[in-house]
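Engineer: Here are the chains, one letter per residue:
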Amino acid sequence: MIRYITQRLAESLIVLFVMSFVIYALIGLMPGDPVDLMINANPRATAEDAARLRALYGLDRPIGERYLAWLGAALQGDLGYSRLHSRPVLEVLWPRLGNTAALMGISFILAIALALPFGIVAALRPRTTTDTSINLIAFAGISIPPFWLAILLIILFAVVLGWLPAGGMPPSNAGFGVSATYLVLPVATLTIVTVGGIVRFIRAAMIEALRQDYVRTAWAKGLGERQVVLGHVLRNAMIPVVTILALNFGALFSGALITETMFGYLGMGKTIYDAILGNDFNLALVGLLLATATTLLANLAADLCYTWLDPRITYR
Amino acid sequence: MTGERRFERIAIVAEPARTLRGLLWHRFLEHRVAVGSLVALVAFVLLALAAPLVETALGLDATRVDLLAVKLPPSAAHPLGTDELGRDLLLRLLYGGQISLMVGLAAALGAAVIGTAVGLLAGYYGGAWDALLMRLTDGVIALPILPLLIVLAAIDLSKLGLPDSLVTSENASLYRIIGLIALVGWTTVARLVRGATLATKAREFVRAAEALGASHTRIMLVHILPNVVSPVIVATTLSIGNIILLESVLSFLGLGIQPPVPSWGNMLTNAQELIWEAPVLAVYPGLLIFVTVIAFNFLGDGLQDALDPRAIKA
Amino acid sequence: MRARLTTLLCAVILSLSTATMARAAELKIGLSQFPSTLNPQIDSMLAKSYVLAMTQRPITAYDQDWNLICMLCVELPTLENGQAKLETLPDGRQGIAVTYRLQPDATWGDGTPVTSADMVFTWEAGLHPKSGFTNFETFRRILAIDVIDDKTFTLHNDRVTFDYNSLQLDLLPAHVERPIFETDPAAYRNRTAYDRDPTNPALAFGPYRIVEVVSGSRIVLEPNSTWSGPAPAFDRITVQVIENTAALEANLLSGAIDMIAGELGLTIDQALAFEKRQGGRYTFIYKPGLIYEHLDLNLDNPILADRRVRRALVYALDREALNNTLFGGKQPVARSSVSPLDWIYDPNVPTYPFAPDRADALLKEAGWIPGSDGIRQNAAGERLTIELMTTAGNRTRELVAQVLQSQWRELGIDARIRNEPARVFFGETVSKRKFTGAAMFAWLSSPENVPRTTLYSDQIPTAENNWAGQNYTGFKNAEMDSLIDAIEIELDRDKRKALWSRLQRLYAEELPVIPLYWRAEAYVLPKWLKGVRPTGHQGTTTLWVEEWQAEAH
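Residue numbers (this note's numbering), protein chains in the order written: chain A, 1 to 316; chain B, 1 to 314; chain C, 1 to 553.
Heads up, some of the hints might be wrong.
[Stated by the list, open to error] Here are the simulated BS3-like cross-link-like pairs (lysine-lysine), alpha carbons at most 30 Å apart as the crow flies:
| # | chain 1 | residue 1 | chain 2 | residue 2 |
| --- | --- | --- | --- | --- |
| 1 | C | 28 | C | 364 |
| 2 | C | 364 | C | 276 |
| 3 | C | 287 | C | 497 |
| 4 | C | 287 | C | 530 |
| 5 | B | 71 | C | 276 |
| 6 | C | 287 | B | 71 |
[To be verified] Derived CB-CB ranges, DEER-like:
| # | chain 1 | residue 1 | chain 2 | residue 2 | range |
| --- | --- | --- | --- | --- | --- |
| 7 | C | 478 | B | 77 | 39 to 45 Å |
| 8 | B | 53 | C | 385 | 55 to 61 Å |
| 9 | C | 385 | B | 128 | 35 to 41 Å |
| 10 | B | 128 | A | 105 | 31 to 37 Å |
| 11 | A | 128 | B | 29 | 57 to 63 Å |
| 12 | C | 82 | A | 62 | 52 to 58 Å |
| 13 | A | 172 | C | 547 | 48 to 54 Å |
Derived by calculation from the structure, the hints in this document are not laboratory data. Backbone N, C-alpha and C define an ideal beta-carbon position, used for all residues, glycine too.
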């Protein structure tokens, strides 16, 4: 097992290296650079200004050369400056990482906490009204586009009722309680759009597991529903669920772009998005590599979980 | 409901002999909600395809802008009213349905096929194959879709050898989106299939087949695939709704289906700013997406039950 | 007795403090973009200009009536008042020496006066090849600076243009920035105090100084003690950045912000819709700006090379109806690239009203006859098809493009819409002249801005000149060239106005560009806020923030 984990970690490092180049190339291949947009907005800027700025920002050197320069600096611990925020990359990312962890972490836990009981109940009573209602609510959640949900929640809770702030970040001197109110609506939006999908997966996995032969045996032996479910079925149903949870967790550090934009919440999603569109290589790369690393680690954790959930699974 | 009663009911209902296909179809039909969903979806598709007929019946032009008739309520001339440029809403919903349904289905199926193949191979062969394929999957998951889309939007497709008519057609953005989603959307299915393959592979009947000398392909297709198909169905039917909504988000970012081609997704995005004065412009496409999501997912449930040899009828 | 005195004293103190507390007014402004840097010389973002206008002032600026005024200087130097003198340069060309006197009371927030040393530093840093300042050309034109005293200096410019005394420059505080710059000029843009230490009082000499920055979210300002002008009315101004415009509206309604800045806020149609619903609660000001929305036509396209076709295209458009329906009449139809608010505007220039008959006649004359499917064809059987491109994701432009397509189809012109994301559109398609038909976008300009880069024949971007220039239409007209050359150096206002009239007339006759409309800015202000005066050009309302008043509310 230890050997397996070390092997996986080594592979992950290789993937990170490869991805760093792919992402760099991808961003570099995007047509137009920020100098163009700068020039267009300024009636006094001339073509000479543009050329000079490009040379200054190193935008006229070939991609491979720029990538190697970045790599060299990064390996020495210098992750560079963010051009869009005019401060070091880590200084920009650190607080936003925390914000995203809070937002996505709470939504994630809330979504699982809600989805598990509902998914299990729906699976135990297939095609009854309970099941259909749970399904319909789940579908409603996943059918609403996030920007619509966000604006509706803002209008209801911030404008009409005035209970919660409409968005933005809490004032610097705010206490824990006040800061928490700024999280309520974004968390609600994220949870509503993700919980439905998780409910569906749990339900499907449970139904599948409930049909196994050993379950029939358990029924036949006269075991009660709770014993059967909690003792036997749940564990075996969890494999696809763990897969989905790991994938969602991996998305944790790329954040939720639309939610963050609508609520003016400073998280990783919007930061990375702006960095990509603004050709802020340093920031975009570090942000995306963080997201990649999280995905790799989450999937590794999921794979390890498989062996624990189903001892018959081994890795050759 | 105890186990005894379940056994009772199965024993009593004696079924006539059927072919496998007949069995599947019969079981599907018993799933009333799924059947209803299938009917609804077929109706949507037919309606969407009938858009040109409706157009001539109403005597209107779906793309004609009429600045004097913007945001009108329903009337005899316009059964559902008009949008922000005076175009008939019903026609736009129908044409939009063509696009959205096509994008949803094509992209989801494409992703499912690729993902299943990758997952099966990785889970079954294990070892180096597994490592390679799964790390590739991780890489694709981590790929930022945004720059990819922008780069694709900028690539001159005619340089790739594609015919000119395709490149300059109004549907160029459509093919681009379907292709892209299929190429990056297969990762979830791949991970799911791999996980399920690992579990199935370890089971007795697979080991038996191996012992009997069945070929790899046979084992994968005949023994493993039917048992891993359940999460695939859920993921795929779930993803259709997600894809239609993803197109909406892409329109939000300027990378979706380009106007004047309507899609439910870009109609939703455009209606966002009109939420106060003309909420119906968002409600209609939103409702249609909602119903489509429900229908596809219940359909998936029906398929899941029909395909599972051990389905117990309730 | 003592008790009564104490009570009296307390009452007096209390009443005084309530009097001061009554002045404790706060203003929360909603803006849709956060500046990438606060350094006035790096990057050119409107969001940055908006905030900086409250903390410092340029040497000269254009006011609400589009007149050039002094902000940091005392008096506009002119040839008439002797503060500007023509001179001959060593190479024989004509130059001009312009002397500026800075406001005697202008003082940076830490007590250091604003001096000529700041001008010298800004210029030297600007000339440095590694500094990354955007307006390099402005600095390059200054050949030398004579420092006469702490508050007076003379610039020696390398050419004489009619705007010789316009110096819309924000000075950098030399006593703060010079040490940073000299340590490592190449890294200056990452180390500038404006970003590393934005709350440093020494960075502001205007009515306000920055006291808090939450990067990406908000900037908070409070009155600057060293400001010698009229005392500003607000004790605290918060600029809150909310990028989504629907969320901006919601924040305004919930009271999280008090106003939405017109410079970077709602689009016109959103503002109009908002006014219809909430009109009573807020004051709405719509000011058409110097944002010229138009269609650049690629004149290399044989269809568009024919002037009759270009004119027909304009006659076929009902731009007034477009303005009235989509923009509530707030975005006036444009006739040329010169704004009606500019003093050089000539109202007698030929116009193109909506006239489908004339369009039809012109097209027929050019050989385009309607075919069987309604689309016109010429004798060779080619269809009248042009590509119409604009930025994807910009809802207003997408709508306008569809209207244009529909209106042209009525006359048998087939317009194919092909939108691209902004960076592709500007970065590749427009800048490298890859569009084959019409490209819709906007030019931002300034008062009396000479259209050299957009209309001069040597400014056509090609692969040979490394895509320099903004003459995307490919317009080559000798008369236009000579007019541009003449206008730039004509110092006499009347003669210049005549030249401008001729330029506008030529523009209208030749139509290298189809003018659409002037984009307006929508200001949504609370009823109690007075004194906000939009300029209609790039000058922000915050350049006069000390004039804003809060009535009791």
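Engineer: Would you list, in rising numerical order, the hints stated earlier that this structure does not obey?
Structural biologist: 1, 2, 7, 8, 9, 11 and 13
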